[in-house]
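Colleague: Residue-level listing of the chains:
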Amino acid sequence: MPSYTLKVNGQSRRVNVAADTPLLWVLRDNLELVGTKYGCGQGHCGSCTVHVNGVPVRSCQMPVSTVGGVEITTIEGLSPDGQHPLQQAWCEHDVPQCGYCQTGQIMTAAAFLKNNPSPTEEEIDGAMAGNLCRCGTYLRIRNAVKDAAVAIQKGGSK
Amino acid sequence: MKPSTTPVTAALGRNNSTDNPDGGHRPPLQALSRREFIRVTTLTGGGFMLSLTLPGAAWGQVATALDDTTKAFTPGPFIKITPQNIITILAKNPETGQGVKTSLPMIVAEELDADFSTVVIEQATLRTDVGAQFAGGSRSTPDNYLPLRRAGATARAMLIEAAAQTWSVRTDELTTDKGRVIHAATGRSLTYGELATKAATLPIPDEKNIRLKSEDEFKVLGSRVGGVDNPAIVTGQALFGMDQRLPGMVYAAYEKCPVYGGKVISANLDRIKRLPGVRDAFIIEGTDNINGLKPGVAIIADSTWAAFSAKRQLQIVWDESAGAGHSSADYDARAAEAAKAGGKTVRSDGDVAAAFATGKVVEGAYFYPFLNHATLEPQGCTAWARDGGMEFWTTSQTPGSGQQLIADTLKLPKENLKLNLVRGGGFGRRLANDYMVEVAAIALRTGGAPVKLTWTREDDMRHDCYHRPAGYHYLKGAVDAAGKISAWHNHFVTFGYKNTERTASGAGLSPDELPARFIPNYRLDQTIMSTMVPTGPLRAPGSNGLAFVMQSFIDELAHAAGRDPVEFRLELLGEDRVVPPTQGQRGTPYDTGRMKGVVRLAAEKSGWGGKLPKGEGRGIAFHFSHSGYVAMVAEVAVTRDGTLKVRRVTSAADVGPIINLSGAENQVQGSIIDGLGMAWLQEMTFDRGRAVQSNFHDYPLLRSTETPAMSVHFIQSKNPPTGLGEPPYPVVPPAVCNAIFAATGKRIRHLPFNKTDLSWT
Ligand code: FES
Ligand code: FES
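Going line by line, the protein sequences match chains A and B. Counting from 0, one number per residue, gives the positions in the first sequence under numbering that gives the first Met the number 0. Counting from 0, one number per residue, gives the positions in the second sequence under numbering that gives the first Met the number 0.
Looking at chain B on its own, in the form it has when it is part of the complex (with noise of 0.2 Å):
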């Protein structure tokens, strides 16, 4: 029986008769809907514990706690107010730099009616119970809110019950307020504190019971909260994960061949071993996986630098021979052969050759190269081999799969491996999980002391496992008569992993990506090039490329039609409907009066339409992605002799209801500096297999004093919240080439721009 049509009475009957086989009464675990599970428990000396259970690795031992009596299935904490009224909320999933161990603890807040500002915020480690517990494609704020907030609203109800019962008065009488039940006919109130142990032993009220607030009620949600961990931040805390620090700690750091799939044939061990501070060194044969163990040469000494020394020192021969071929001038290359010779066509629609014919022509080869994730703190993890498994302290923004791969790579029972999480900026790099496997097999041979593994930023640099895939875009469109889009041709060469059939991960070009389905004569042709460089995602993996290309495509028609810009997108975009995705493709539905929404806005906001000297100009692009509408416009000056100063940056974006404005508004901020950096600076190149960059002097971050004014607008429309860690990103390199092109008249067709001269006259 699934759980999902469990007939949620039968079981529940069956569970409450059940007792636990820890002595004591074991508590119903309550369907609260078809998607999660309730338990309310005693605290521990008094108080009230609520569990909540959501879909994830501990489904099927619910199915079967519930099926089968003698079963059982014990969930954690998720609520805790003791009889001292100390209310805790757990953070479940990992935090990044995207602010949810902020956000969601505030929507299990506001429905319990809490006071936020007195709330402590548990971290969670790595567990069965709370569902899916990974940052990823802006999904923590979507799959949660709903989830947490029945949570916080059953735990309400069942403390008003316990005051309605302690007063003997009608629930419909009392109220609650910043953590109190009150009863205003008396002027009495009771803190959640007070009333948590009799709360506790109450039935949990059935779902259709349970009210949640509307959300002109809401008291947190959409207002501004500042992080939780920003006071430990900023008196520099040991929060990272590089600031683990366990007794009897020993520091590695790991060489790993240059060339990606290289291997190691020997190295000068003897000598590294006999260095100063080093108490061991040894080669790690590792896997073919290039997302998990790869070969390499651990070194473990007594510190940091100690290891970092006697890395310097290594002598190693490597067999290299996988790189051959694969240098950046050779992909360029062999994308202009391609572009000569044609791909295969995606995607057809109309008859672009005839749109050709009778159409104004506008052609263009785009190109955006390979990015790294370049988080600041530098890839790492610790760990600490005993008692037959291991614990680790990990930044990772997918512990669950890390767990996998560690139990599968080094033959470990997965059920031994316990996972703390550790805060860390993540951008997508940390969905993979190379560090933490790597310090696990350097953990098996510390004999049972704890290890930190730091890796050098040269490390990070070259070793993204995996850096964002570059594309060439080959564009061919026109406008007709009516100043209308009326044909669009692309040839997408873009990259697969060591072959040509299937394109590698987040190298793929949706035949649904705008403007298909939005105009008659449509194709897209692909060609994939085998490349051995590990692609992934990216900040708005796909998207933080293909926006700059469309959109700045579209730019060009537009100023071939002789339109305004923003006109003319609003035109593309047509009438207000739901655009759904074609037949067979699994993109999520367009709704276009969402996306001409953020457009006219971010237009209005900026002055659009004013006129501006030459050498000044805005720019205007859109673009969805994560379920997220955003439009931004930028507003550039160039000096004749060709130095830019983005201004200002107007964004306009629509994800729904706004769950913290403060971060929010944090994550456009953050995403506008992002983006500008991605469109002006950074740049991967590769020769012979392995990377060129190695620190920031050779792939820079954008710096305080390029900052634009930037001006943040949300439109909170009543659709369901979706994350904003990503759409914004993608929409601010077209948005500002646009601009620069207004001002000076130079299309800029190839990132970074740092390479094009801008000068004008």
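In isolation and in its complexed conformation, chain A is listed as follows (with noise of 0.2 Å):
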């Protein structure tokens, strides 16, 4: 098995795997972060959503013998605390309902709220129009993406 050294949430991470294994599968099974959801496996579902180097990337379309040096970020390293203004908006917005789609989610408002800090409703519904919840939870990741911007905005940090 091929050797590949990936930096992932600030660490240097090396694993002896297939050439060919997504990188979800590689966090999932060797590196232990099982935030990173399989869904689809087809890059049709969002659930797998990492950032690199900053930008929402499906994981699973990510062969590992591509991914080379770049900043890996999944929602165990999106913030130190747990405590991104997405996370807490999530929390008081009770978006959650079977919870499977969330950290898909938050990894791909966050990369976009660093894009568009203070996006409006249409904005948020088309950033978000690549990952699918099954349990119907749009509204609310609406409403909590709207109130994190503002919180971001307000805090400056994150």
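Just so you know, the hints here were simulated from the structure itself, not pulled from any lab data. Among the hints, a few may not be true.
[To be verified] Computed cross-link-like contacts, SDA-like style, restricted to lysine to any residue with a CA-CA straight-line distance of at most 20 Å:
{"#": "1", "chain 1": "A", "residue 1": "Lys145", "chain 2": "B", "residue 2": "Ser661"}
{"#": "2", "chain 1": "B", "residue 1": "Lys644", "chain 2": "A", "residue 2": "Gly129"}
{"#": "3", "chain 1": "B", "residue 1": "Lys644", "chain 2": "A", "residue 2": "Thr119"}
{"#": "4", "chain 1": "B", "residue 1": "Lys272", "chain 2": "A", "residue 2": "Ala17"}
{"#": "5", "chain 1": "B", "residue 1": "Lys272", "chain 2": "A", "residue 2": "Met0"}
{"#": "6", "chain 1": "A", "residue 1": "Lys145", "chain 2": "B", "residue 2": "Gly225"}
[Stated by the list, open to error] Derived contacts from chain B toward chain A, CB cut-off under 7 Å, selection only:
{"#": "7", "residue": "Thr124"}
{"#": "8", "residue": "Leu125"}
{"#": "9", "residue": "Asn229"}
{"#": "10", "residue": "Ser302"}
{"#": "11", "residue": "Lys359"}
{"#": "12", "residue": "Gln668"}
[As the list claims (entries may be wrong)] Chain B residues, not near chain A, derived (Cβ > 12 Å throughout):
{"#": "13", "residue": "Val119"}
{"#": "14", "residue": "Lys207"}
{"#": "15", "residue": "Asn208"}
{"#": "16", "residue": "Thr303"}
{"#": "17", "residue": "Arg599"}
{"#": "18", "residue": "Glu705"}
{"#": "19", "residue": "Ala708"}
Beta carbons: idealized from backbone N, C-alpha and C, even for Gly.
Two chains, each in its own frame: build the complex with the hints.
Modeller: Structure representation (structure tokens):
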């Protein structure tokens, strides 16, 4: 098995896996970062969203051999204490139902707010359109993203 | 002697004198009501532990323990209070996204008068003592509401008594708040933790001395409480079925015949076993139980990806003969023939033919397709075979049945199968336990290593065990000169599983389904076509297709009569009264007053009656299911070229008092999205016995950009609280289709409607 060194959540991690293994499964099975979810394996659902150099990427579509030395951020590394304004807003709005899609939703939203710090509702819905939620929590997601945007503007951090 | 008829005092008298076989005093099992037993003991190291035994697996043991003092029955903890004031409440049922891990403990905490925000919630494993542990039929709330309240109130009464003894005051001088007993007269208070050890030694008060709160005393119930797992969910902790990890764990994939009922003839196992990362590959013969262990080829590997990769390289020779003649096109053709031939009359009231002769007649052929549950987490399970038993980490909605299935299929002693209940979206999919018996069969072949089975999305889509059955309804109705429905004739063409006598699971239509019992001339005929597609309950089973048909056709008749669709419906429901099921039918009584209440509220809140320009419209629908009364108004806009925008959905529901307002609204909002996706986009089709759709590109879910505005209202009537996971879902499709008709004049009789041209001029 070939060996790869990945930069995940600020740490250098070495794995021995088949070259075609999607980053998703390296994160989940090898690095024990199970917050990144498998929903479809085909790029349809967004459950597997992580950041690659700050850009949201579907980790199920990224073979480990193509990852190289980029900075990967998973939900576990989004904030040091689990208190990213999006994570707080998600709890305040009681967004989750089954909860399975929500880490992918948050990762997509986090990258989006960096580029568009004060979005309209339409822009939020558009940005989140690639993330499916089987339980139908889109309305709460929209409202939570709106609130988090305001919190980030006020707090300035993250 | 049955526990329900046991004279309580006699039983307790004998038990009180019994010593615990493990040394200490064995405290009594007290009958708190005819339906539950409570025992209070001291926690190891001090503190208070209350056990609650509800009707279920251990019921026989309870009876024996009461009856025969030599038999011990030791229930597990339900409420724990440590001297350090840590209060733990058991979440007894599986959490499938419907919010019971939060709402059921809220019920206990309310009567206990604990501060819910500091209570520790512990997810139950599958036990024998806490009654039925399942998530289905919107039953969690109605089945548990009173027993959980009585358990919380019993603990509170004992803590008050402990304080009264400590301070030598009367109990009626004491109050409680946020986990403290308070003596207002002297300004003293003690935490439950400080009182716990003493309270644990007191006798359990008699049921008649336990006062439940009145609703206006509620502090937690009816408020907005966030899901207890939210902080763990948003930080990506290992909560879900697929997240389980055990030392030395191996990973499995399982390939089943794409044709339902197909069997394995041979497979290229030698080649597969030589692939990198693969440890073993073998054929599992399986059984004929379509909800059980289906035949297939298992692969055990070092990682999920190695298992998935090897699975793609499998070359299996299948016996696919079971699938011949089972295609969606065949079903459509057979249904059309059946429509011409006529069916078997199931119910006949009055004389529909006479009413058709004099009334204004409308005819319509309706269809709704097979659906997939499509939980976002595909099926899977983790199991560990050791010490002659097996332990599971399962997302099952019916863990008890799963345990039985495994015991029966693999001939393992049931009591050696330990089940941990893990979070996972259900929608009815996890009522079946096929994935659990699969992993059990695989776990017997790992040499003692724990194993995690993961289905691919494609496995999940093709082996939905089971699909929501499709249905064909050939309808003819009439309105009389007074503008009322005078006749309704439905020929329902449905499915039976490998037979034409009995409807398949989820494929029935009650002869009492509205508008039966509400109009004078009603006839229901039925034809059952044989299918080998496994079918079964999906969120609001039955209702989820029927409401579309009934509420759309009622709308057709309202328009034929030139009547306002809301008025027409209120008139159909008639006087406020409770309509009993027809003799011999099993249905729930139908409270027309409650239904009219939600119809009126939805209409009022939606701005019903206000004029809209062509291309815009409102539609109303109502439906009663799972004891819940729901009405919705949808408002849509359709461009001339047929692009639909669902602008707003207004919902009104009466499910009695609301337990958790945030959770309740979330269920309604989610049902609106789910119902829209179902009506608009979703269809499973079959070809030669196999599912055609395989992933979200051909079985889409609704996306965020289609989210309508939603306004969600509740009538919190004084009726007993009932569940909300299911009742709103069936109402969405007809509300939207009726709105599309109002906007465009196009009547949708065929779901999903993404195939219908909605353009207008
Ligand atoms: S799992 Fe990657 S997009 Fe669905
Ligand atoms: S919360 Fe269940 S899939 Fe989104």
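Colleague: Please go over all the hints and tell whether each is borne out by the structure.
Modeller: Consistency of the hints with the structure:
| no. | hint | result |
| --- | --- | --- |
| 1 | A:Lys145 <-> B:Ser661 | holds (18 Å) |
| 2 | B:Lys644 <-> A:Gly129 | holds (19 Å) |
| 3 | B:Lys644 <-> A:Thr119 | holds (18 Å) |
| 4 | B:Lys272 <-> A:Ala17 | holds (16 Å) |
| 5 | B:Lys272 <-> A:Met0 | holds (17 Å) |
| 6 | A:Lys145 <-> B:Gly225 | holds (18 Å) |
| 7 | Thr124 | violated (20 Å) |
| 8 | Leu125 | violated (20 Å) |
| 9 | Asn229 | holds (5 Å) |
| 10 | Ser302 | holds (5 Å) |
| 11 | Lys359 | violated (39 Å) |
| 12 | Gln668 | holds (5 Å) |
| 13 | Val119 | holds (17 Å) |
| 14 | Lys207 | holds (38 Å) |
| 15 | Asn208 | holds (37 Å) |
| 16 | Thr303 | violated (5 Å) |
| 17 | Arg599 | holds (25 Å) |
| 18 | Glu705 | violated (8 Å) |
| 19 | Ala708 | violated (8 Å) |
Hints 7, 8, 11, 16, 18 and 19 from the earlier list are contradicted by this structure; the remaining hints agree with it.
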